[in-house]
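A.B. asks: Here is how the chains run, residue by residue.
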Amino acid sequence: MDAFRLEGVGFRYRGGARPALSGIDLAAAPGERVGIIGLTGAGKSTLLRCLNRTVPAGFRGEFSGRVLLFGQDLAGKKPSSLADAVGLVFQDFESQLFSSFAELDVAFGPENLGLPAAEIRQRVTASLAAVGLAGFERRDPATLSGGQKQRLAIAAILALRPRLFLLDEPTTDLDPEGRTEVSALLGRLARKGMTVAVAEHEAELLSGLDRFVGLAQGRVTLDLPGPRALRDSGLLMALGVRPPDAVSLADQLGLASLPLNDPAAAACTLREAGFKARPNAAELIEEKDGGRKEPGAFIIEVEGLERLYHGGQGLRGVDLAVRRGEFVALLGRNGSGKTTLVKHFNGLLRPTAGEVRVDGRPASKLPPGELGRRIGFVFQDPDHQIFAGRVFDEVAFAPRNYGVDEAEIPKRVATALELVGLPDAAEADPFVLTKGERQRVALASALAAEPEVLVFDEPTTGLDYPAQLKVMELLADLNRQGRTVIIITHALWVAARYARRVVILDGGKALADGPAREALRDPGLMSAAGLAMPEAARIAKALGVPALTSEELALALERR
Amino acid sequence: MSTGFFADRPGFFRRLHPVTRILLLFLAFTCALVAQRPLYLLPLWAMFLLAGWRAGAMPGLRRVWWLLLLVGLASFGIWTFAFGGTESIFSLGPFSATRPGLIFGAGMGLRLGLMIFTGLIFLACTPVEEFSQGLTSLGLPFAVSFALSLSFRLAPLFGDTVRSILDAQRARGLKTNRGLSRLKTYVPLLAPVFAGALRRADLLAIALESKGFGRPGRRGSLYEWRVGFRDGLALALLFAVLAGLITLRFWGYGGVSR
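Residue numbers (my numbering), protein chains in the order written: chain C, 1 to 560; chain A, 1 to 258.
Pulled out of the complex, with its shape left as it was, chain A reads as follows (with noise of 0.2 Å):
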């Protein structure tokens, strides 16, 4: 009931008090959203990864390399030509790839990769109730925070009775995969799936209530988290990252000029 890419492995990251995991993912993603460059991103890139060696985090960026690399080709491919300028390279028809559109596409790319990767990082040493409770902690109400948290953990379980399902139609001789025939073929999944998510939606809401969920008053947690001097060390290094980045994109290094 993890969200898939949670590594339940002891470190300083799994150590940090949630909020910090909060933060950090939130400086990681301004310090993709400032670096344009790929010159300045492949630092960015080493540290992270080295960070993501150490979260766990490997094992969820080999489900989904090929995401990654996805994303990094379209953004480049779209970039080269979209970003414009008067330094041409070469044309495709009424498109021209501009020298500075191919810095800040595969500037992009790495930007993208780089966010989604952070992301991963975060997932692999925050389970979903962690999220919830950095969230409550930063004052959202515990039963909205609650919900966010909810549709995660509810994901695999939900994929779960999906294959159940399927084995089930399996096992009578249902093919998935007929081509253009192939809607019709998911009606026998979709009823079940639909009408067991409904009914354990329902079943899910009394189980919450029956075990207390939203009483008045304070809420209490079975692990205390406490803010140490590592959370003020990973955001301290974290934001000294940052400000240099933008310190130098002040000073004119690290963006792309048409």
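Just chain C, same shape as in the assembly (with noise of 0.2 Å):
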């Protein structure tokens, strides 16, 4: 009996103008772990929906064919019915969190299914433990970082114990630690012989998985077993999923294939099929990583900053001094005081002691509006801004609010949205863009005050691969520019790649504050600091390269 089929599925959502799902015919085996792959928009997240009968019952629509849940026809059923058999982690996984205390949001599930007590208790702090909260039962989840907030969403459906469990992109907001621990318990699960589906992008995540199936425009595109569709970087970048660094250096140096998550398996295969390190691999890789101007003087400036929530976690004393020009990535843990310590640069919050000084000014004493100005903001969720009807008043509202001369707001317009890649959209409606596109008119929107410095708070989040890229690589031509780019990311590879320098925070501590290249390659740093070195950093470390990216490490290669 499969764990689940579906025969001939579609969806269209109400309004839609194309079926989120058409003609779907798909079947997994009890205990097979399935990723479910595609750019966004490709009906991922519908179907995980259809296998617990939310779609159609709690979204408007029209079904067609049938959904079978081990041998069962979910026809007419409710999807309350089915909480015992299968449980979904949203993509939106606070609006599964409500109650006031974590344990009580892990227990609502087993209360619902009538369970006693005692096993309520058992399964809350088992489920805890699981995700790594164990300790964190009487905890506000208000409180939480993003990250705990996600693991608090997964324990709350663990603690059902669905036969399938089905996860909707279930680390868009963890750090890398966070992500081992998801990857970790999925393989456990799966030992335990629960189905698991996972719609997500990472392919650290996926590549624990069986098997994979590709959506595109609501229809199955690829159904293959996960070794060999991870090494197809060509099928995966077309899926919207990040080839893993093993895999795209295999192609860049023309090799059948590469171990994955090994890197000194990979650095020794490497080795046996002739490839050394270049006499001067070092200096192509400076080479490479030229171009950018040189930092210059200092913009942001801060001393000592403490910011001290009523849970304990802030800011405890930082330093950081940022000079113009650069492109600067924050890492660290969730809840590590990343967003806390970049709200403080344009006067979001004010310090509870210490001081932040723009321009050699102290903040606190710029006019108002001025700091906004300068340092701009685009922040992780673009529906937290957007509000107009149409995409030129969207990024048109902050020149305005700046008294920018009224004759001058359309070529600000027009070349923001040309810098964002979407010149034609100024009369489009926001709102019926994708999220990759609504995060762009976000990003023009700051851009059109022209301000010295942009921060950008995880701008790869909730993205495919090819949507992730085009905004770092956005990113990237502004800082060539000489405009001052800080980022706060939990994407290794995008600090890699296009970070010359990265603050790791800790504990609300600066931990480290060096160039990318020396940080990221050094492991007790990163291990201290909850994170993982970049793959192809590891494998260039085993080779003696100093290299973080594939394509350096590519570029530093020979064969004998």
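The hints are simulated quantities; they were obtained by calculation from the structure and are not laboratory data. Glycine included, C-beta positions come from ideal geometry on N, C-alpha and C. There may be inaccurate statements among the hints.
Said to hold, decoys possible - Okay, derived cross-link-like pairs now, EDC-like style, lysine to aspartate or glutamate, Cα gap no bigger than 16 Å in a straight line:
{"no.": "1", "chain 1": "C", "residue 1": "K411", "chain 2": "C", "residue 2": "E450"}
{"no.": "2", "chain 1": "C", "residue 1": "K365", "chain 2": "C", "residue 2": "E355"}
{"no.": "3", "chain 1": "C", "residue 1": "K411", "chain 2": "C", "residue 2": "D424"}
{"no.": "4", "chain 1": "C", "residue 1": "K343", "chain 2": "A", "residue 2": "D167"}
{"no.": "5", "chain 1": "A", "residue 1": "K175", "chain 2": "C", "residue 2": "E370"}
{"no.": "6", "chain 1": "C", "residue 1": "K192", "chain 2": "C", "residue 2": "E32"}
Said to hold, decoys possible - To give an idea of the interface, some chain C residues facing chain A are shown, with a C-beta separation under 10 Å as derived from the structure:
{"no.": "7", "residue": "R49"}
{"no.": "8", "residue": "A142"}
{"no.": "9", "residue": "L348"}
Since each chain comes alone in its own frame, lean on the hints to assemble the complex.
C.D. replies: Rendered as structure tokens:
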């Protein structure tokens, strides 16, 4: 008997321009771990929703076909009646958290199942421990970081002990440590016989899965065993997944494959294939990394910055100085204080102690509006700012607020939209754009104020790989033009490829601050900060090459 | 996701059955309604201040003391003139302040303040889930009590979203204090707030159902509550106070007559 089977399933959301799913025939065996991949809007979330019946029960639209769960036809079933059979962790995980304490959020499902208190307690304890949240039982979920909330949402579904566990992009807000934990958790669940289906863009999480199903425009376009699909970088890219570094490197070096997730073995394979570091490897990498302007004078200086919250988290004496033209990545665990730190740069937060200076002047003494004009800020969720009915008005919002002459506004908007690659979108309704496009509108909106510094909180979160590349290349271009760029990211490949300097925060303090090439290649530092060296950097280190990315490593190697 | 007044402090009040806490709140309100004279209300205030201190309600009181003061002064002002009576002390135009009005007004201020404060004590020792559980134990269907408690839970969440949106718009130069044009400046806040709230409400309903909310049959509970000696003691004490106040009113004490 299949764990699940979809027969000719189709669904069109009410008002949808095209079906989200169309003619899906798909089945999975019990205990199988299936990765659902595809570009944003391919139908991944809808497919998962069909499996727990929230589509069509919770979303209006036209449904067709048949869904069978462990042999049972779901037609006419209520999602609540399936809670102990199938659990879904939402992409918008915060909507699944609504209790006063973390333990109550986890207990909610088992309580609905009518279990005895002792059994509920046992499930709560085990589920919180499984996601690394033991000891957080009495914490108010609102006080948790994004990554901790995501783990709590997973624990809450885990406590239902479903036979089919569905996760919709479960690692978007997680730090590398959290991603590794979730990845290990999926492995443990599968060993216990639980069937798992994950919609995801991250190769790291996908690498442990048995099978990949690719979706494009609501149709299944690929169904392959995991290892085979993971080794095809062209195929992964087409489906929105960033290929693992080892796969990209093998492609660039013309090799059939390299061992995945095992840098030592990959380095060994490379040596056996006759590859060695070029004598001038360091210079070649330096040359490739060049072309950016040298940093200028200090633009942001932070001294002894403290900001304490009731929960105890915050900043505990951070010193930092950013020069004009730098590209800085802020890294660190969930809740380490990254967002809190950058919110002081443009005056959104006032320090409890310490000082922030912009261009040598105390931020607290700058006229209102000047900070915001000089330090542009793009938030993680573009939907927290988009309000206008036209992209033009959305992008014009900041310059208008800063008193830019109305005659100059169209030029500013056009330039900003050109920069973000949406030159023809001025008249479009921002709410009908994809998330990647909305994020670019948010970026254009910040750029239109012509800020000297651009701060971007998690620029790649929730985007498929092509969209991630687009936004990061855009930031790199802006930096090459001399703009100071500061990003907060959990994606270490982003820091490795684009940042020249990284600042690592841990527990509200700066654990490290220095060139990306040094920090990201320091295994002790990475481990202390709950981070992991990028795979390419680990392979490179084993070969004695100072490379951070597969591109740099390919450049630095030669065949005997 | 608590109401913001909850103080997770172990102690006598936290160990009371949720139903007991709801009944105590009801009795406290009734006490405040029965006593009219400040002389009778001040000992009640002293008793509830002690209870509030034990229950961890003082941080909440520090947050809303201005509300209590405002309500107290407003009622005092209104009732001093509106209560009526023959014993006029002074007049403001057509309105006369009377001695009974003065006493009743002061008493009314203390009564309303006491009701707010006992509400704070309740919130300080009762997370919304226990309130919901208490209502269910009193016979309200779980779906109704849960929906009621959810409104408490979602208020701070809504506040968090508003703060995030406000940050995002302030980062783009939005000023929210421009006098008469203030309303217009709220448009960039309202659109994302309402769009987000609607989306969130939809998703929440789906999230609840996919976690088994609304399944037929008995619902379990992580916390098991048993009515014990302390519940009886607390109820008996407050009931005795109420009975005393009613008896005094019956004998002609504690009320204010024109």
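A.B. asks: Check whether the Cα positions of K411(C) and D424(C) lie no farther apart than 16 Å.
C.D. replies: Holds, at roughly 14 Å.
A.B. asks: Hint check: K192(C) vs E32(C), CA-CA at most 16 Å. Holds or violated?
C.D. replies: holds, 11 Å
A.B. asks: Under 10 Å is the threshold here; is the Cβ of L348(C) close enough to any Cβ of chain A for the hint to stand?
C.D. replies: With Cβ-Cβ at 5 Å, under 10 Å, it holds.
A.B. asks: Keeping to a limit of 16 Å between CA atoms, is the pair of K365(C) and E355(C) held or broken?
C.D. replies: holds, 11 Å
A.B. asks: Run the distance test for K411(C) versus E450(C): straight-line Cα separation, threshold 16 Å.
C.D. replies: Since the Cα atoms of K411(C) and E450(C) sit roughly 12 Å apart, the hinted pair holds (cutoff 16 Å).
A.B. asks: For the pair we were handed, K175(A) and E370(C), check the Cα-Cα distance against 16 Å.
C.D. replies: Distance ~12 Å between K175(A) and E370(C) Cα, so the pair holds.
A.B. asks: Given A142(C) as an interface hint, is its Cβ closer than 10 Å to any Cβ of chain A?
C.D. replies: holds, 5 Å
A.B. asks: Assess, step by step, whether the Cα of K343(C) is no farther than 16 Å from the Cα of D167(A), and give holds or violated.
C.D. replies: holds, 9 Å
A.B. asks: Going by Cβ atoms only, is R49(C) closer than 10 Å to chain A?
C.D. replies: Result: holds, 8 Å to nearest chain A Cβ.
In summary, this structure violates none of the numbered hints.
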